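Engineer: Chains as they are written, first to last, in our numbering: chain A, 1 to 649; chain B, 1 to 71.
Quick caveat, the hints were computed from the structure, so don't treat them as lab data.
These numbers come from a predicted model, not from an experiment.
Don't take each hint at face value.
Claimed, not checked - Cut-off 25 Å, straight-line C-alpha distance, at most; resulting in silico cross-link-like pairs (DMTMM-like, lysine to aspartate or glutamate):
id, chain 1, residue 1, chain 2, residue 2
1, B, K38, A, E68
2, A, K517, B, E41
3, B, K38, A, E513
4, A, K221, B, E50
5, A, K506, B, E41
6, A, K506, A, D71
7, B, K38, A, D556
8, A, K98, A, E224
9, A, K612, A, D294
10, A, K600, A, E534
11, B, K33, A, D71
12, A, K620, A, D153
13, B, K33, A, D557
14, A, K374, A, D406
15, B, K38, A, D557
16, A, K58, B, D8
17, B, K33, A, D556
18, A, K58, B, E31
19, A, K374, A, D342
20, A, K168, A, D225
21, A, K620, A, E545
22, B, K38, A, D71
23, B, K33, A, E68
24, A, K227, B, E31
25, A, K65, B, E31
26, A, K65, B, E50
27, B, K38, A, E67
These are the residues of each chain, in order.
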Amino acid sequence: MVKNIQINPKELDQRLSRRSFLQGALLTGAAVAGLAVTGCVPQETKPGSDQAGEVKTKPLPLIFKSEEYADGEIVDADLLIIGSGYAGLWALMTAHEKGVANIAVMDKGAIGHSSVASLTLGTSAYVLPEEGDDLDATLEEVVRDADYLSRQDIWYDMFSKSKERLDKINSMGLAYMAPGRLTSDGNVELKISGGTAYTDSTGTDRVCGKAAVCCYMDQVKDYEDVKYFSKTMATELLKEGDRVVGAVGVNRTNGNAVAIRAKATIVATGQCTFKGQHAITEIETGDGYQLVYDAGGRLNNLEFNSFDVDPVGYMLEGGSILCEMGSILENVNGEDFMWSIDPERGCGCNVAYSTRGMAMEVAAGRGPIFCNRKTEVFGEVGQNEHWLPFLSPGSWQRTNEDRFADIGFDLVETPQKFTANSFGIIGAIVTDVNCKTDLPGLFAASVAVSTDPGKIKGVESQRGLWTGIQSGTSSAEYLGSAADVTLADSEIAGILANANVILGRKGTLSANELITKLQRQVFDYRVGLLKTEESLTAALAVCRECQVLLNQVSIDDSHELIKFYEARNMVNIAELHLLASIDRKETRVCHLRMDYPERKDGEWLKWIEWTKGADGKPNKSYRNVPFDEFPVQPDATKGLNAVVRTITA
Amino acid sequence: MINNIDRDKCLQCGTCTEICTKDVLRWQSPENKTPIIKYPEDCQTCYNCEIMCPGTAIWVHPAQHKVVNCW
Ligand SMILES: Cc1cc2nc3c(=O)[nH]c(=O)nc-3n(C[C@H](O)[C@H](O)[C@H](O)COP(=O)(O)OP(=O)(O)OC[C@H]3O[C@@H](n4cnc5c(N)ncnc54)[C@H](O)[C@@H]3O)c2cc1C
Ligand code: SF4
Ligand code: SF4
Numbered sequence: 001m002v003k004n005i006q007i008n009p010k011e012l013d014q015r016l017s018r019r020s021f022l023q024g025a026l027l028t029g030a031a032v033a034g035l036a037v038t039g040c041v042p043q044e045t046k047p048g049s050d051q052a053g054e055v056k057t058k059p060l061p062l063i064f065k066s067e068e069y070a071d072g073e074i075v076d077a078d079l080l081i082i083g084s085g086y087a088g089l090w091a092l093m094t095a096h097e098k099g100v101a102n103i104a105v106m107d108k109g110a111i112g113h114s115s116v117a118s119l120t121l122g123t124s125a126y127v128l129p130e131e132g133d134d135l136d137a138t139l140e141e142v143v144r145d146a147d148y149l150s151r152q153d154i155w156y157d158m159f160s161k162s163k164e165r166l167d168k169i170n171s172m173g174l175a176y177m178a179p180g181r182l183t184s185d186g187n188v189e190l191k192i193s194g195g196t197a198y199t200d201s202t203g204t205d206r207v208c209g210k211a212a213v214c215c216y217m218d219q220v221k222d223y224e225d226v227k228y229f230s231k232t233m234a235t236e237l238l239k240e241g242d243r244v245v246g247a248v249g250v251n252r253t254n255g256n257a258v259a260i261r262a263k264a265t266i267v268a269t270g271q272c273t274f275k276g277q278h279a280i281t282e283i284e285t286g287d288g289y290q291l292v293y294d295a296g297g298r299l300n301n302l303e304f305n306s307f308d309v310d311p312v313g314y315m316l317e318g319g320s321i322l323c324e325m326g327s328i329l330e331n332v333n334g335e336d337f338m339w340s341i342d343p344e345r346g347c348g349c350n351v352a353y354s355t356r357g358m359a360m361e362v363a364a365g366r367g368p369i370f371c372n373r374k375t376e377v378f379g380e381v382g383q384n385e386h387w388l389p390f391l392s393p394g395s396w397q398r399t400n401e402d403r404f405a406d407i408g409f410d411l412v413e414t415p416q417k418f419t420a421n422s423f424g425i426i427g428a429i430v431t432d433v434n435c436k437t438d439l440p441g442l443f444a445a446s447v448a449v450s451t452d453p454g455k456i457k458g459v460e461s462q463r464g465l466w467t468g469i470q471s472g473t474s475s476a477e478y479l480g481s482a483a484d485v486t487l488a489d490s491e492i493a494g495i496l497a498n499a500n501v502i503l504g505r506k507g508t509l510s511a512n513e514l515i516t517k518l519q520r521q522v523f524d525y526r527v528g529l530l531k532t533e534e535s536l537t538a539a540l541a542v543c544r545e546c547q548v549l550l551n552q553v554s555i556d557d558s559h560e561l562i563k564f565y566e567a568r569n570m571v572n573i574a575e576l577h578l579l580a581s582i583d584r585k586e587t588r589v590c591h592l593r594m595d596y597p598e599r600k601d602g603e604w605l606k607w608i609e610w611t612k613g614a615d616g617k618p619n620k621s622y623r624n625v626p627f628d629e630f631p632v633q634p635d636a637t638k639g640l641n642a643v644v645r646t647i648t649a
Numbered sequence: 001m002i003n004n005i006d007r008d009k010c011l012q013c014g015t016c017t018e019i020c021t022k023d024v025l026r027w028q029s030p031e032n033k034t035p036i037i038k039y040p041e042d043c044q045t046c047y048n049c050e051i052m053c054p055g056t057a058i059w060v061h062p063a064q065h066k067v068v069n070c071w
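Please work from the sequences and hints to get the whole structure.
Structural biologist: Given below as C-alpha cells:
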C-alpha cells in the first residue's frame, strides 16, 4: 500500500513560518493581498545582500519598454504581431529580415518574458533529414499516430526545414545542454535535445525556455521601427470588409484601450488550456482562437484535447517523460497498473493512453493515482542525462524542487499523488501551409495553428518557430502589394470605446469564480478523457450557463477586465470543444468516446470546422482530408486507436 | 504562490512587476516603484519573478494553492 504523505499546503505554511532566515514580512495566502511591502519603501537604489551581508545582485534583464498610450488612441503600423512567445519573436525576426519596417508587437504580458515559451524546457525538438533521418518514415509515423487526420503538408514542410532552423539557432549562440536523443512517444521518433542554455547580452547565464527567449530578444533588441505594446491584451480584430486591418487591445495595468491599425496582422497567441493546473499554462486562454473566430476565420480539430501526467498541488513539467524514463504510476493498492493497458511500454506509453489509463483506474475505484520515482525505481536522477536539463540550476523546475527540499519535503522518495491535468485543446486556427488564414491580411502563428489532432510531445516549440517563419514570410510578401488601410478613425472609435466600457461593472460573481465553474466541467475525466454523450451534454449545459453568467461578472479594475476577457474566450472555446466532441461519434487519437469506442474511417476521415454564423452562433461544416494530395494513406489496421481498443475492452 | 518580497533587498527596478506572467505584482503607485503583491490568488507559482529579480529579493512558496477537480 502506498503511504499517503502528500504535499499539503497548510503543512507547508506551518513549516515555512518556522523558517528564521526569511526577512521582511512573511505572507501566506490570499488574505495578505497588497500588504507585501506596503509602507516599507526601499532606498532609491541599493544592492541586495544575502544574510551574511554579502552584496548579491544580478544585472537588470533586458526588457522591452512598452509604448504608453492614452485611452482611445489609434496607432498605425504596417504589421501587427499579437503574442511574443517563440512564434511571435520568430515572426518578428523573419518579417524584419524580409524588410518590413513599422512593426507593432502586442502582448498581454511582458514582451517575451511572460510567454509560456519562456517557461518551457527550451526550443527543443527537431528531425534532421539531411543527417540520415528518414523524413518520409517520420511523417508516416506522425500521421499514423494522429490516426490520419494530420495536416501532412504542414508537417512535411516543418520537418524538412528543421535543419535550417537548427542552424539558425546555433548561429545565435543558443546551446543544448544534453545531446539529442531518440525518444519514443507512441511510435513517433524525434530527436529531442535537452534544454537550452545561453549567456544573454547582460552577461547573465540563462537556461531552458528563458535562455531561448532571451536569445531571441537579443536578436531583435536593436531593431528600429518596432513598437512594443506590452500588458496589452488584444480583444478584437479590426476589419475593413473581409480584410483584417489590426486589432484593439486593452491595457491590464490601467484599462486604457488602444487600436493598432495595420496592413497585416499575425495572431501568435498560444493555446487554450483553460488555465489548467498543468505547469504554467494559465495564460493560454484561447484568445487567438476567439479573435480569429469572431473575425470570420475557421477553427478545427477542437474535439481533440490532451492531458498530461501531473502532480496534485505542486508544479512539475515532464511527468509523462518521467514515466517514459522509468518512474511508475501506481494505483491506491500500489499496483503498477499501466501494463494492463500497454503491455509493451507500461506507463512509458503515449501520454494519450497513460492519462486515459489513469482515468479508467479511478473510474474503477482504484484511485487516487501516485507517481513513484523513488531512486530504487527510477535510478539516480542525477545520473539521468535526459532528466537533468529539467533540473538545470536557474530553471523554475529546479528552483521548485530545491524549494521543497529546503523545507523538508522529498518529492523523489515519497510517491506523490498524481492526476491527469488538462493540457488543453489540440485543434486551433486553420491556415494554409504558409500560415495564411482565409481572411486577407490575417496570418496565424504559434501552437494556435491547427496541424494535428494528436499530441507529439516536444515539437510545439518547433511549431512555434516554423509558424513564426512562415507567417513572417507570408506577411512580408503580402505587404509588398497590400493596399493602404482606409478604415477611418471614426469607425474604430466605437470599437475602442466598447473594449473597456464594462470597466467598473458591479456583478454577482468574480471572473475566477466563473472560470472555476467552467474548469470543473472541462477537467472532469468523464468529460475530457472518457467522453460520453451524457457527460458531454451535461457539461455543455453548464458551459452555456457560464456564457450567460459572463454578463454578471464583476469588473472592478483593469486586472479583472483582462480576466473577464480570458473567461469569455475560454467559455466560448469550451462550447465549441464540447459541440465538436458530441459531434464526432467515434474514437480517434485524443478523443475517446466511451460510447463509440471504434475508429470509423469510412465516415470520419474528415475535419469538423467551425465558423461564427451570421446569428453569432457556431456554424459547423466538414472537410474531407485531401488524401489525393497527401503522401501517407490511411490504414485501418494502424494508428493509436489500437491501444484505445485495449483500454475500452 | 509568491510569498515574500524582501524590502531590504529590493532595488525598485520594476522587473518583477513588468514580467509577472499573471499581473500579480504591481507598483505601489505610478511614482513609487515598490512592488506589492496585489493579486496573490492569481499567482501560478512560475518563479519568473524570483528567477529574474536582480536583487534576489523574491521568495516564492512552492505549493500551488489552486487545485481544481483533481481525482
Ligand atoms: C510548462 C510548459 C513546458 C513546455 N515545454 C516545452 C518544451 O520543452 N518543448 C516544446 O517543444 N514545447 C513545450 N511546451 C509547449 C509550449 O506551449 C510551446 O513550446 C511554446 O510555448 C510555444 O510558443 P508560442 O509562441 O506558440 O506560444 P506562447 O509561448 O504561449 O506565446 C504566446 C504569447 O501570446 C501572448 N498572448 C496570448 N493571448 C494574447 C492576447 N489576447 N493579446 C496579446 N497577447 C496575447 C501571451 O502572453 C504569450 O506571450 C511547454 C508548455 C508548457 C506549458
Ligand atoms: S525585481 Fe526584485 S529588485 Fe526589482 S523591483 Fe522586483 S523585487 Fe525589487
Ligand atoms: S511566481 Fe509567477 S505568477 Fe507568481 S508572482 Fe511570480 S511571476 Fe507572478
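Engineer: Indicate, hint by hint, whether the structure satisfies it.
Structural biologist: We went through each hint and held it up to the structure:
With a C-alpha separation of about 22 Å, the suggested pairing of K38 of chain B with E68 of chain A holds against the 25 Å cut-off. This hinted pair checks out: K517 of chain A and E41 of chain B have alpha carbons roughly 16 Å apart, not beyond 25 Å. At most 25 Å may separate the alpha-carbon atoms for a hinted pair to count; K38 of chain B and E513 of chain A meet this at roughly 18 Å. At most 25 Å may separate the alpha-carbon atoms for a hinted pair to count; K221 of chain A and E50 of chain B meet this at roughly 23 Å.
Restraint check for K506 of chain A and E41 of chain B: the C-alpha separation of about 20 Å stays at or below 25 Å, so the hint holds. As the CA atoms of K506 of chain A and D71 of chain A are separated by approximately 21 Å, the hinted pair is consistent with the 25 Å bound. Distance check on the hinted pair: K38 of chain B and D556 of chain A sit about 13 Å apart at the alpha-carbon level, within 25 Å; holds. For the suggested pair K98 of chain A and E224 of chain A, the alpha carbons sit about 14 Å apart, so the restraint of at most 25 Å is met.
A distance of roughly 6 Å separates the Cα atoms of K612 of chain A and D294 of chain A; the hinted pair therefore holds under the 25 Å criterion. For the given pair, K600 of chain A sits about 21 Å from E534 of chain A by alpha-carbon distance, which is consistent with the 25 Å threshold. Pair hint K33 of chain B plus D71 of chain A holds up; C-alpha atoms about 23 Å apart against a cutoff of 25 Å. The hinted pair formed by K620 of chain A and D153 of chain A meets the criterion: a straight-line CA distance of about 24 Å does not exceed 25 Å.
For the proposed pair K33 of chain B and D557 of chain A, the alpha carbon gap of about 20 Å is at most 25 Å, so the pair holds. A hinted pair counts as satisfied when its Cα atoms are at most 25 Å apart, and K374 of chain A with D406 of chain A qualifies at roughly 18 Å. At most 25 Å may separate the alpha-carbon atoms for a hinted pair to count; K38 of chain B and D557 of chain A meet this at roughly 12 Å. A threshold of 25 Å between alpha carbons decides the hint, and for K58 of chain A with D8 of chain B the separation of about 15 Å falls inside it, so the pair holds.
For the proposed pair K33 of chain B and D556 of chain A, the alpha carbon gap of about 23 Å is at most 25 Å, so the pair holds. For the proposed pair K58 of chain A and E31 of chain B, the alpha carbon gap of about 24 Å is at most 25 Å, so the pair holds. For the hint pairing K374 of chain A with D342 of chain A, the CA-to-CA distance comes to about 22 Å; that is within 25 Å, so the pair holds. Taken as a hint, the K168 of chain A and D225 of chain A pair is honoured in the structure, with Cα atoms around 23 Å apart against an allowance of 25 Å.
Under the criterion of a C-alpha separation no larger than 25 Å, the hint pairing K620 of chain A with E545 of chain A is consistent with the structure, at around 21 Å. A threshold of 25 Å between alpha carbons decides the hint, and for K38 of chain B with D71 of chain A the separation of about 23 Å falls inside it, so the pair holds. With a C-alpha separation of about 17 Å, the suggested pair K33 of chain B and E68 of chain A falls inside the 25 Å cut-off, and the hint holds. Annotation: proposed proximity of K227 of chain A to E31 of chain B holds, straight-line Cα distance about 24 Å (limit 25 Å).
The suggested pairing of K65 of chain A with E31 of chain B holds, with an alpha-carbon distance near 17 Å, which does not exceed 25 Å. Proposed proximity of K65 of chain A and E50 of chain B is supported: the alpha carbons are some 20 Å apart, at most 25 Å. Between the alpha carbons of K38 of chain B and E67 of chain A the distance comes to roughly 23 Å, so the proposed pair stays at or under 25 Å and holds.
No hint from the list above goes unmet by this structure.
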